[in-house]
Structure formats: structure tokens, C-alpha cells
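Asker: For reference, the chains in residue letters:
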Amino acid sequence: MALERRLKRWNEAGLIDAQQLQKILDFEKGQERPTFLYAVAGLGGLAIAIGIVSIVAANWDYIPGQFKIAANLLLLFAASVAVVRLRDTFPLWAREAALLVLYGFAMGSIALVGQVYQLGGSVRVAMATWSLLTAPLMAMGSGAFLALIWLMGLQSTFAAWMIWLCEWPIHEDGWALAGTAFVPWLLLSLGYSRWFARVRPSYASVFATVGWAEVVACASIGATAFYERTIGEPWLALWGSFAVAALMVAWLWYQHSKEPEWRITRWLLVVCLLLTYLPARMSPGDWDLLSALLFIGLWLLVAFAAHSNRLYRILNLATAVIGVRIVVVYFEVFGSLLDTGLGLVTGGVLTLLLTWLWWRTRRQLRQERSL
Amino acid sequence: MKFAKPRYRLWFAALLPFVGVSAMVAQSEVALHVGPGFRIPIRGYDPRDLFYGQYLRYEFDFDWEGQGSCGGSEVAVGIGVNHPLAVGCCLCLTRGSADGNNPKVRQIRCDDAEPTCDGLIRTSDIAPPLRYFIPEDRAQELENAMRTRRPSIALTLPRQGKPAIKELYLDDRPWREALGKK
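Line by line, the protein sequences are chains A and B. According to the numbering used here, the residues represented by the first sequence are 9 to 379, in order. According to the numbering used here, the residues represented by the second sequence are 3 to 184, in order.
Hints should not be assumed to be uniformly reliable.
Straight-line distance between alpha carbons at most 27 Å, and here's what the computed DSSO-like set of lysine-lysine pairs gives [unchecked claim]:
no., chain 1, residue 1, chain 2, residue 2
1, B, 106, B, 164
2, B, 183, A, 76
3, A, 37, A, 16
4, B, 106, A, 76
5, B, 168, B, 106
6, B, 183, B, 168
7, A, 31, A, 16
8, A, 76, B, 164
Hints are computed from structural coordinates only; laboratory data are not their basis.
With the hints as extra help, turn the sequences into a complete structure.
Answerer: Here is the structure:
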């Protein structure tokens, strides 16, 4: 509808004629994907996948282990063949759902082998095996929902390994931090890779969106590191992660150096990079005010970037996050009556200022949209 | 022939999980049938939370023999204060009976395996909590039985790799036999 309205406006302004308008509309209708159908089919596939894992987890004792294993292998083979054989006859939504079922079935099968043979192994090893065995399969998909589920699976596997790094007997917190901070940059770079966008446009879009969300989340968490003393922590791996992430930011900056909509976004990347890594390496601790200011500054930049790209929902979210952070500041400064009073007055003024700015921006955006 | 290449790729991608799971099954079967067998007493890792979900958390209750000869740098949790598991060490199991029930155990350096050892386990492979998967609908029954009967685990020790767990025993009988059909 938004496109139709815009085209009509262009037609009225004499920029395109009625024939061109119709051609564009016909082209866009041909490109449309029934999002609801894909989402529902994907959910159906996901439900079956989770159901299989749950049935395996029940570990029912009525069937002998060897029979369960044999039946499982037979079914897994049949499902694999079906995914290939029915590829030409199934509609796209059904193929994507079938991939999801096989994805879950593979996890269930690994769990079943672990149960029947009492492997007792860790979840992280099972998840890594599952992720490796299913990576080529999931790379064959094309839909956004499939990409999101795959990404969730990969990131859960990664998280399980990072937690293990922090635990006994490894105690490699620095490596875990370095890895966790690096992944969002990898996702973002993949998401904006021209090659990836060409071969898997929906995957690239999901990777970029999730990458942005995680980059901002990491920077927000990074800003809070000023509460603690991190100088002297043996986290040298963070520097390595920082260097590679900085190269990725430089590459993204170069790729989008001529795009006006990236004008503020480029700086947001740099700020996120610095906030993610530097406080975790050089905080002397107890810099509460600086932490709060950096956090609010980061989200103000997010709001500006959202405004310049007309991402209204992100703008609303950024405003809400800043508001919540200011409320948190109220509680942080509670101490003597003087501190409390000053904190409340300053916070109140800031909140009112922010509300006024948000209200003015929204009005301005509405006016621009109605033109 | 135009679609040959993508089709092969699709076959590879679709069959890889099947091949991988089959390999896991084969490896587990080999581990169960190669190497000496033992049966070692166990105890619940945490009596307040013996059953977590659908598995039993346990640790081995070894019959320690003499002083260990391995001085690991870090000490693992559990398994008795007098015989802590040291990282990077191995346990030497010596049979006391032909069926390998409750073997004598000493902690040694992995590269100093003595000929008297009937089986070797890396300490890292048995660091508690260990898990034994149990059927969901018999969890309570097993929990009660674990408190009143002597539980043990039958396993084999392949030359390479982790111990392959065979069965949970209650009072010298496989747990299903000991508890009877439900």
C-alpha cells in the first residue's frame, strides 16, 4: 500500500506515467512472497522438529534401545531422501518446512544415540555435532524464517562453548569474551556481503538485522563495564578480536562510504566497536556516571541513525531505552538527600527534554510521510 | 546434466546428518564390544537433586588402593577428599574378580601405565557430574531404589576414547530386572 501511494504521488507529480506505474506495480506483485504462509509453514516444521526432540527426551522404556536406533536411522534416511526427491514437486514453503523438520530430526537422532549408548557427553559437543552435520542442509534453504532458526541454533551452540570456556577447568574468560564480542561483527559483515546478498538474499537480511541488534547490545553491555575494574584482567584475546572487528568496520565503512543513509550509521558502527571492547580492557572501576552517559549517548546515536533511515520503530525503541536508563540513574544516585534531590531534578529535566525531542521528531516524520 | 552439480550438493547436504548419526552409532557399538569390562559402584552426585530431568547424576565410588603417583596441578571436585581427581592423570583399574566387579583403583600418570593395570580411564572423562539417561516414567521409582540398593555401572574401557557405559545395576542385577516391568 505504501508503494502504491508513493507511485501515485510520483504519477501526479509527472515523474512517471500511468503505464510505468502499472508496470512497477505488476513487477512488485510478482516479487511478493506470502509471508504469512511461510511463517505458518515454518512454525509447523519447527513444532515437528521440537516434538521429535521431546519424544526422544522422554526416553520411553517400552521399546528396546537397538530397535529405537534402527527405526531412527531408517526414518532419518527416508526423511533425507524425501527432502531431495520432493524438491522439484513441493512448493517452496513446503520445502523450507521439510528442511526444518530434518534439522530437528538430526538433533533428535544425536540425542537418541547419546541416550541409548549412555554417552553422557556434554550438551556443547552434541550441539556442535548437530551444527556441523546440518550446516550444508540449512545452507540450501532460502527463507528468512529458516535463516533465523538456523542462526539461533548456531548461536546456541556457540554460547554453549563460550560458557564451557569460562568454567572449570579451562577458565578462559578472555577467550569467551573475545569470541562473544566478535560474533555480531561477523554476522554484520556477512549480512552486508554482496556475494551473500546475491546467493541468499533472505539469509543476508536476517544476518544483518540480528548482527545490528547484537552489535548494539554488546556496546550497551560494554558501556556498563565502567562499573567494574577491568584493568589488569588477563584478557589479551580481546585485543585480537578488536583488531579483526576493526578491520570489518573499516570494510563496512568503505563499502557504504558514498551512501547518504549510512552517514550516521557509519559513526554508530565506530562507537559500537569502541564501547564493546575498550571499557572491557581499561576500566578503572566505579565510573558510574560515565557508564550512564556513554549508554545514553550510544542510544541517542541509534535514535539519530534510525531517524535518518526512517526506521520509526527503532526510533521509538531507542527513545524508550534512553528513558528507562534515565530512570535507572535515579535509583543509582539515591544516597544523601542532596544527591537524591539533584539526581531527580536532573533526571526529570532530561526526561522532559527527551520527550519533547521525541514528540517533535515524530511530528516532523508524520509531516514528511503525509507529503 | 544442467542440474547435476546442485543435485549432488543437495544429496550430500541431505544425507550428511544420516551419515554422521550412523557413524556415531557404529563408534558406540565398537566401543561397547572392544576392551575390558568392569562394574563400578556409583553414588548420587547431589542427594538433593539426584534426578535432574530425565537423567541420573552420579559419580563413581571407587575402591581406592594405595597412594597415587600422579601430581596434577589442578584438583577436580568430588570423589572423596583423600583421593581427589587430578587434571591430566589416569586411573589404573585392577580386577579383583573375573567379572571386573568393583576393581581396585590407583591414580597414575597416563604415560606411566603399568602392566598390572587391566584398564585405564582419563580423569577428565569421569569428572562428575556424570549422567545416566533414564526413562521419564520410572524416575521416581529409580530414585527410591538408588537410596535403598547398591547401585553400580557396568562399562567397557576401549584402548582409545571414553569409557562406554553399558548398564546401571542395582544390587548386582541390571536395573530393569531388579525393579521388574512397570
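Asker: Are residue 183 (chain B) and residue 76 (chain A) close enough, with their CA atoms no more than 27 Å apart?
Answerer: Judged against 27 Å, a Cα distance of about 19 Å means the pair holds.
Asker: Below or equal to 27 Å on CA atoms is what counts here, so check residue 106 (chain B) against residue 76 (chain A).
Answerer: Answer violated: residue 106 (chain B) to residue 76 (chain A) is near 36 Å, above 27 Å.
Asker: So if I understand the rule, the pair passes when the alpha-carbon distance is 27 Å or less; does residue 31 (chain A) with residue 16 (chain A) pass?
Answerer: holds (13 Å)
Asker: Given the hint that residue 168 (chain B) pairs with residue 106 (chain B), test it: the Cα-Cα distance must not exceed 27 Å.
Answerer: holds (20 Å)
Asker: With the threshold set at 27 Å, check whether the alpha-carbon distance from residue 183 (chain B) to residue 168 (chain B) stays at or below it.
Answerer: holds (19 Å)
Asker: Residue 106 (chain B) and residue 164 (chain B) were given as a pair; does the straight-line alpha-carbon distance stay at or below 27 Å?
Answerer: Cα-Cα ~19 Å, so holds.
Asker: Is the hinted pair residue 76 (chain A) and residue 164 (chain B) satisfied, with a Cα-Cα distance of at most 27 Å?
Answerer: holds (23 Å)
Asker: So if I understand the rule, the pair passes when the alpha-carbon distance is 27 Å or less; does residue 37 (chain A) with residue 16 (chain A) pass?
Answerer: holds (16 Å)
The structure fails to meet hint 4 from the earlier list, while all remaining hints are met.
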